[in-house]
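Based on the sequences and whatever the hints tell you, model everything.
Read top to bottom, the protein sequences are chains A and B.
Here the first sequence stands for residues 1 to 76, numbered as in full-length UniProt numbering.
Here the second sequence stands for residues 1 to 348, numbered as in full-length UniProt numbering.
Treat each hint with caution, since some may be false.
[As the list claims (entries may be wrong)] Computed list of lysine-lysine pairs in DSS-like fashion (alpha-carbon distance at most 25 angstroms, straight line):
#1 B/K325 / A/K25
#2 B/K161 / B/K146
#3 B/K161 / B/K178
#4 B/K232 / B/K243
#5 B/K6 / B/K146
#6 B/K110 / A/K25
#7 B/K6 / B/K178
#8 B/K226 / B/K83
#9 A/K23 / B/K3
#10 A/K56 / B/K72
#11 A/K25 / B/K6
#12 B/K272 / B/K325
#13 B/K90 / A/K23
#14 B/K161 / B/K112
#15 B/K112 / B/K90
#16 A/K23 / B/K110
#17 B/K72 / A/K28
#18 A/K56 / A/K25
#19 B/K72 / B/K3
#20 B/K83 / B/K146
#21 B/K112 / A/K25
#22 B/K243 / B/K272
I should point out that these hints are in silico values taken from the structure, not numbers from a laboratory.
Nothing here was measured: the structure is a model prediction, and the numbers come from that model.
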Amino acid sequence: MNREILNARRLLCPLPVIRTQDKVKQLKAGDQLEVICTDPGVMQDIPTWCRINGHKVLETISGDHEYIIILEVGAS
Amino acid sequence: MSKQRKAVALISGGLDSMLAAKTIMEQGVHVEGINFFTGFCVEGHTHAIRANDKAKPKRNNSLWVAEQLGMKLHIVDVIEEYKDVLINPKHGYGAHMNPCLDCKIFMVNKAKQWIVENDFDFIITGEVIGQRPMSQRKATMPIISKESGADDLLLRPLCAKNLPATLPEREGWVDREKLHDFSGRSRKPQMAMAEGFGFDEYAQPAGGCCFLTDASYSSKLVDLWKARDGDKQYDLDDVMLLKVGRHIRPEQNFKVIVAREEGEGRFMQGYKKEFITLHCASHAGPLVLVDGSPSAEDLFLAARITARYGQGRDAEQVDVSIADKDGSERIIQVKPFAADEIPQEWFI
Chain A
1 MNREILNARR LLCPLPVIRT QDKVKQLKAG DQLEVICTDP GVMQDIPTWC RINGHKVLET
61 ISGDHEYIII LEVGAS
Chain B
1 MSKQRKAVAL ISGGLDSMLA AKTIMEQGVH VEGINFFTGF CVEGHTHAIR ANDKAKPKRN
61 NSLWVAEQLG MKLHIVDVIE EYKDVLINPK HGYGAHMNPC LDCKIFMVNK AKQWIVENDF
121 DFIITGEVIG QRPMSQRKAT MPIISKESGA DDLLLRPLCA KNLPATLPER EGWVDREKLH
181 DFSGRSRKPQ MAMAEGFGFD EYAQPAGGCC FLTDASYSSK LVDLWKARDG DKQYDLDDVM
241 LLKVGRHIRP EQNFKVIVAR EEGEGRFMQG YKKEFITLHC ASHAGPLVLV DGSPSAEDLF
301 LAARITARYG QGRDAEQVDV SIADKDGSER IIQVKPFAAD EIPQEWFI
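Listed below in structure tokens is the structure:
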């Protein structure tokens, strides 16, 4: 299992979703990706994107002005 | 057994594209969504920059629509390619800087490329004849099909019966009789259809889905190009900064962007290495970015504007901090502008 970090700070949605989508394409099923963002909208959008595309959100963390989503890449 | 046909639907996040996709899914076609991000999309969370908007739900409507329909959604970054559409629209602009017809042709063309690369059969849009004054007219429908290269692989389920049969209809991939004949600006047929499908919630953006249809945004874009001696190239930061703050241009060579509230100020903090920034040091006040090549005299004027929008607006003198891009900072004392001292024509 590989774990990578994606810095999506300062990007406004949907760009963090697009960057996540592009990064996930390079990963294998079971790999984990930690996405670090500053747009609070990602807390809604990245989990939605994961659900419709078969990936699993392992953890979401809301900081003062940072939001972290850790996901596991699905099989499809 | 006949082959499972596959279509890609252009999903804006609004009701029409949602209904168009659903109509075709109901016929047993495998549908996936595609959404193009130009940088000018109202969709997304530009509004989330503003702390005042915190109560509003922050969701991307195209993702939300895809989840409601149970389909995959591919969001495609077209920021770079879109520049040519905006700068050189073959069919011109609408009421503002909106190149709607060229934009639709561009997006359908991108969808055509996508179906070829992904082995899909046809394209769906939520277009309705007469729905929009520039891009959705009877005369523009064949132009979009032809100039996008999609030709008769482009199916508009909501108004298909008002148009010649497309390949998916002629080949029996979809049943034309189960398509629709909507036309005009009325939303009643779509609302009835939504009710029939059990969609009791959907986005209805009053000003469309693109900032380029907005008069104020378009003015700022034109001003930006003019200030750069007609050079129309732009980057994403330009596009984003036109969405935030109060823009004031005292001279051709510089403008100031004044954060209107805390959320914008926080967002603009991210640009401190790209712009000279000002803020009131002796009083509370907004963050201000200076765009362009200001002289020392210009910065003095920018400081007076900064002071005008701070808590010390009525004070005799305000300390204003000026930070260069390298982080070096100095303080100057200025008298804030009075409200009527800032000429109206400076406001973009």
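Evaluated hints:
Distance check on the hinted pair: B/K325 and A/K25 sit about 36 angstroms apart at the alpha-carbon level, beyond 25 angstroms; violated. Of the supplied pair hints, the one linking B/K161 and B/K146 holds, its CA atoms being roughly 19 angstroms apart against a limit of 25 angstroms. Between the alpha carbons of B/K161 and B/K178 the distance comes to roughly 9 angstroms, so the proposed pair stays at or under 25 angstroms and holds. Of the pairs offered as hints, the one joining B/K232 and B/K243 holds, with about 17 angstroms between alpha carbons and a cut-off of 25 angstroms not exceeded.
A distance of roughly 21 angstroms separates the Cα atoms of B/K6 and B/K146; the hinted pair therefore holds under the 25 angstroms criterion. Between B/K110 and A/K25 the CA atoms are separated by roughly 20 angstroms; this keeps the pair inside 25 angstroms, and the hint holds. The hinted pair formed by B/K6 and B/K178 meets the criterion: a straight-line CA distance of about 18 angstroms does not exceed 25 angstroms. Restraint check for B/K226 and B/K83: the C-alpha separation of about 17 angstroms stays at or below 25 angstroms, so the hint holds.
Proposed proximity of A/K23 and B/K3 is contradicted: the alpha carbons are some 32 angstroms apart, above 25 angstroms. The straight-line distance between the Cα atoms of A/K56 and B/K72 is roughly 15 angstroms, inside the 25 angstroms bound, and the hint therefore holds. For the given pair, A/K25 sits about 21 angstroms from B/K6 by alpha-carbon distance, which is consistent with the 25 angstroms threshold. At roughly 6 angstroms between alpha-carbon atoms, B/K272 and B/K325 fall within 25 angstroms of each other, so this suggested pair holds.
In summary, the hint linking B/K90 to A/K23 is not supported, as the alpha carbons are separated by about 35 angstroms, beyond the 25 angstroms threshold. Restraint check for B/K161 and B/K112: satisfied, since their Cα atoms lie roughly 22 angstroms apart, inside the 25 angstroms limit. Among the hinted pairs, B/K112 with B/K90 is consistent with the structure: their alpha-carbon atoms are about 20 angstroms apart, no more than 25 angstroms. Between the alpha carbons of A/K23 and B/K110 the distance comes to roughly 21 angstroms, so the proposed pair stays at or under 25 angstroms and holds.
With a CA separation close to 19 angstroms, the supplied pair B/K72 and A/K28 stays within the 25 angstroms bound. Distance restraint check for A/K56 and A/K25: the Cα-Cα separation of roughly 15 angstroms lies within the 25 angstroms cut-off, and the hinted pair is therefore satisfied. Between B/K72 and B/K3 the alpha-carbon distance is near 20 angstroms, which keeps this suggested pair within the 25 angstroms criterion. Note on B/K83 and B/K146: the hinted pairing holds, with a Cα-Cα distance of about 22 angstroms set against a maximum of 25 angstroms.
Restraint check for B/K112 and A/K25: the C-alpha separation of about 21 angstroms stays at or below 25 angstroms, so the hint holds. In summary, the hint linking B/K243 to B/K272 is supported, as the alpha carbons are separated by about 17 angstroms, within the 25 angstroms threshold.
Hints 1, 9 and 13 from the earlier list are contradicted by this structure; the remaining hints agree with it.
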